[in-house]
Amino acid sequence: MAKILLEMKNITKTFPGVKALDNVNFQVEEGEIHALVGENGAGKSTLMNVLSGIYPYGTYEGDIIYDGKVCEFHNIKDSEKLGIVIIHQELALVPEMTIGENMYLGNERGHKYAIDWNTTYAEADKYLRMVGLSESSKVQVKTIGTGKQQLVEIAKALAKKARLLILDEPTSSLNEEDSRALLDLMLEFKKQGMTMIIISHKLNEVAYVADTITVVRDGATIETIDNHGTEQVSEERIIKGMVGREITNRFPKRDNVQIGDIQLEVDHWTVHHPLYPERKVVDDVSMYVRKGEVVGIYGLMGAGRTELAMSIFGQSYGTNFSGELKIDGKPVKMKKSEADAIKHKIAYVTEDRKGNGLVLSQSIKVNTSLAHLDAISSHTVIDGDKEYAVAEEYRDKLKIKTPTVEQLVGNLSGGNQQKVLLAKWMFAEPDIMLLDEPTRGIDVGAKYEIYCIINDLAAAGKSVVMISSELPEVLGLCDRIYIMNEGKMVGEMKGSEATQESIMAVILKSGRGE
Amino acid sequence: MSENVKKAPNFRKNATAFMQKYKAGEFFQKYTMVLALVVVIAFFALRTGGKTLLPANINNLIAQNAYVFVLAAGMLLCILTGGNIDLSVGSVVCFAAAVGTVLMQAGVNMWIAVLAMLAIGLAVGTFQGFWIAKVHVPAFIATLSGMYAFRGFSNVVLGGYQVSITNQSFLDLFGGGAGCYVPDYLRQLFGLANGKPNITCLAVGGLAVVIYILMTIRKVHIQKKLQIHQSIIGTAITTVLISAVIIWLTLKLASHRGIPTVMIWICMVLGIYQYITTRTAIGRHLYAVGGNEKATALSGVKTRNVFWFAYASIGLMAGLAGILTAARARGIDPTYGEGYEMDAIASCFIGGASAYGGIGKVSGMIIGAVLMGVINQGMGILGVDSNYQKVVKGIVLLIAVMFDVLSKRQKR
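As given, the protein sequences belong to chains A and B, one line each in that order. Heads up: the first sequence begins at 2 in this note's numbering, then just goes up one per residue. Heads up: the second sequence begins at 223 in this note's numbering, then just goes up one per residue.
Note that these hints are calculated values from the structure, not bench results. Each hint should be verified, as a subset may be incorrect.
[Stated by the list, open to error] Below, a sample of chain A positions facing chain B; criterion: calculated Cβ distance under 10 Å:
| no. | residue |
| --- | --- |
| 1 | 107 |
| 2 | 108 |
| 3 | 111 |
| 4 | 115 |
| 5 | 344 |
| 6 | 389 |
[To be verified] Taking lysine to aspartate or glutamate and the EDC-like style, the derived pairs with C-alpha atoms no more than 16 Å apart in a straight line are:
| no. | chain 1 | residue 1 | chain 2 | residue 2 |
| --- | --- | --- | --- | --- |
| 7 | B | 447 | A | 341 |
| 8 | B | 441 | A | 31 |
| 9 | A | 143 | A | 97 |
| 10 | B | 446 | A | 386 |
| 11 | A | 70 | A | 31 |
| 12 | B | 447 | A | 388 |
| 13 | B | 524 | A | 97 |
| 14 | A | 203 | A | 471 |
Please read these numbers as outputs of a predicted model, since none were measured by experiment. Ideal placement from N, C-alpha and C gives every residue a C-beta, glycine not left out.
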């Protein structure tokens, strides 16, 4: 048995009215990769914030024993001094500054009033090589992709002489290729003796990389699963711990599938990049959806899926459109206007619910009605009571967990926010719903509920297009699957016939230009 | 689903705990400025031996700050769109008033002059709104140039001199001079001699309270029918308090000279803006754009038109404020209106509007404007040096916004 590097003993953390952590015990061995899994709001992030000193000593009960000593961290600096470095889920880099400046932000080389830029860049370059980046540290962060930015974050942590590295959802914004590279880098660091804690929703990654998996549920550690063996622990096994029961079927059954006529058809659709008009982001795409059908669009990040959906939705993305759009078999000339798209009964549910979807400073009620105010108002005067009734109806229908629809959307969990976003677009009464990553960043239970909603929509005769980066989800839900790569449609398969392997094979083949 | 059933009790427990916490925080956040206002009023009443509460002074408070209410209403819409402000209003007030005054002195019909002033305000607002909404010139800069330009135009129109207004019906209607009170029609109707108290004022005040209470009862009734949870006691307390304030104000004004005509314009503007912000689609769009512009655009709202609307509206208000300013001063001088924009902006922020947009209410703005007015007047009566008055105003603004920021942070 290796030495215990970190032990958190009987940690209890209460927020006014809520016990976020309840007597949590958590041990990490030196030199292992320890995964922390659990649904959203289970307490993973709170636990890590206690560890890193974001919630200072005294605001929680219990002990942190690190490297054999009881520690009292009053702020992040205290924990970083001992080599505990946390990399947060949202990238914390300043896009306009160079990689080097970012890496040593708050940790400047030389003197406070006379920064030694030569040392800064030399050291930064050294750490960049360690994480496998060949970029110069004098390059602006905004010029490199998200995958590389995540690596810069890790290099930044290394520059702080990390001994215990905490990664909070490090792959949530990465595509599969970059994710795999990052996980392999973690394994490489492990060989060199680094200890790591990873928080992730992606259970296949957890199973791949972690030595030990601790499951957190409702503010308590439920169990610790050993994953040292050669046989990887199964995802079902982890999920069982997370939700407290066995999910026999992660995807709800669809009964009463009645697929009707073609509702939306896109013919030779080409869209150019808004800033670099010579670049095609959607290249000669043709596709269709039938009434009552769930059609998946799978592709790696940057394949042009979001751009395709947004360009269909009132040309809200891109320039120089060409091709034809048909609704119910008739060609439609749509103006460059989202309002026009809504009038044609199209809805686009964005992948970025906080950035492009919801007004976080407003209530559930206000958000629900925003895209379809006409329905609850006459002569632009809003009928507040009708609006309330509508919001209540959707809260009930979609099981949005909140005491009241007057609740601010910013205070809801990710899953509930996603439901509000769906409610908003369902209330707009569309026939065609373009769902862009409808389950991104939400927990297993909420995902299941979203799947049920999608099935209900299809059963009600809507045409559903689901864009997703999660293969199991696409396979489990869709009647038909389109595969996109680099702006082009490279394949189409029946949902019942497709497999993970066959879809990946299509993408690989197209990538080689065959 | 078994999962939901299992989670339910825990969730409900959390929800009630959350609600309790939320309510306490919300109460503090919502009523900080009301409490502050009460404290400030009490302070000045004590220090001046009750002078600030004399009917004449209450009357003056309203007349002096008429332009603040009008401009702050317009400013609130701009701030809602994302913390944008309009720096040009002070100059536009002066410009519109200058044109109107010159017209009237040239013998033009008073109503044509009034319409001209409103039209100028609206036109300037629309013009500036065009640059902001369609060309994406930052609002700060577009209105800063307006601030310079229209100050210059005012000077040109007035030839650098002060011009007086002699049109008595204009002065009476818009709050200048001795005749600017609503005549006591009821006393005349009953054949009583003119005197105190002003019966018309009492009747109007009484009617306002009755209408307010009836509307509240209707609202409660409808919400009950829709099974909207509400705190009856809370509603009752606010209704009683607001009615009390209206009655108190009515009694004060009635024992002076009745309703100042300028109050009609203030109430009209505040009523319309309250309605726009709470009950109309464009009002909803203002909040949504300030909260998340991208999401609003993707909801099919033409966001740029929302900006345009806000700036056109404040232009119109600047025109109205120009009318009120010219009437009160019985004329216009090229320096009038300087700093008005800052009074309007301060009122909104003291009233809880967010500097990032998307949050703010007309009711809050009214509290903010009254608070500033009370402090101004109180210090004036106490004879505080005018330079120090500015210092105090600055400090009040800083403290008010600090409270706002802190109370929001506590909620996290």
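Here is what the structure says about each hint:
no. : hint             : in the structure
1   : 107              : violated (22 Å)
2   : 108              : violated (26 Å)
3   : 111              : violated (34 Å)
4   : 115              : violated (34 Å)
5   : 344              : holds (8 Å)
6   : 389              : holds (6 Å)
7   : B:447 with A:341 : violated (36 Å)
8   : B:441 with A:31  : violated (64 Å)
9   : A:143 with A:97  : holds (6 Å)
10  : B:446 with A:386 : holds (11 Å)
11  : A:70 with A:31   : holds (14 Å)
12  : B:447 with A:388 : holds (14 Å)
13  : B:524 with A:97  : violated (30 Å)
14  : A:203 with A:471 : holds (10 Å)
Consistency note: the structure conflicts with the earlier hints numbered 1, 2, 3, 4, 7, 8 and 13.
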